[in-house]
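**Student:** Chains A and B, in that order, are what the protein sequence lines are. Start counting the first sequence at 145; every next residue gets the next number (our numbering). Start counting the second sequence at 25; every next residue gets the next number (our numbering).
I should point out that these hints are in silico values taken from the structure, not numbers from a laboratory. Misleading hints may appear alongside valid ones.
[As the list claims (entries may be wrong)] Straight-line Cα separation of at most 27 Å, DSSO-like style, residue types lysine-lysine; simulated pairs:
#: 1; chain 1: A; residue 1: K155; chain 2: B; residue 2: K66
#: 2; chain 1: B; residue 1: K80; chain 2: A; residue 2: K155
#: 3; chain 1: B; residue 1: K129; chain 2: A; residue 2: K201
#: 4; chain 1: A; residue 1: K201; chain 2: B; residue 2: K66
Just so we're clear, the structure is a prediction, and the values are computed from it rather than from any experiment.
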Amino acid sequence: DAGITQSPRHKVTETGTPVTLRCHQTENHRYMYWYRQDPGHGLRLIHYSYGVKDTDKGEVSDGYSVSRSKTEDFLLTLESATSSQTSVYFCAISAGTPNYGYTFGSGTRLTVV
Amino acid sequence: GESVGLHLPTLSVQEGDNSIINCAYSNSASDYFIWYKQESGKGPQFIIDIRSNMDKRQGQRVTVLLNKTVKHLSLQIAATQPGDSAVYFCAENNRGSQGNLIFGKGTKLSVKP
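My request is simple: use the sequences and hints to build the entire structure.
**Tutor:** Below you can see the structure in the form of structure tokens.
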């Protein structure tokens, strides 16, 4: 996906451990988003950022925190991973809101055992 | 990955036929809509968008129709090809949440050769 990179692509971690997922963009877009995708639920917004150090919660933010210290990077942290956080995580970027589409990364498949 | 398609309504079409994927959106105040395509193991990709001041918009082999009266959106794919097999999501902007997009759960399109 041009201009947006997620890392790692796959991760297996143990319950109770901290995990950080990284989203990096080269588009200089202001808005960045973290979603999780689960069967039967579609894409659900975890947190989003509307500028450096400006973040807000989405609909499923419990158990997650984010940080954005520079325009190009948006980090998602699971402070203490639980099995319910096993999911595929997508980062997205947008030039603006509300009438702009999102460009998504390739996703991170996280398994908490 | 493949789990994205679980629990989703499925549309099965013959290669070369036209496909119509439907979506009911929730917010009558939404004024921007997008269709995304998600192939197995990849992030969602932008296909086409439409603003509420339009009823129809055409792209390459795709057409989006918007009926604001009944809050309905459809995606028409002409001459469907095996490469069109994927999960298709509609999204609407959410005026009540900083304009963030709200995604439908999706429809799985399966193209039979």
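**Student:** Could you check the structure against the hints above and give me the numbers of any it violates, in ascending order?
**Tutor:** Going through the list in order, the structure violates hint 2 alone and respects the others.
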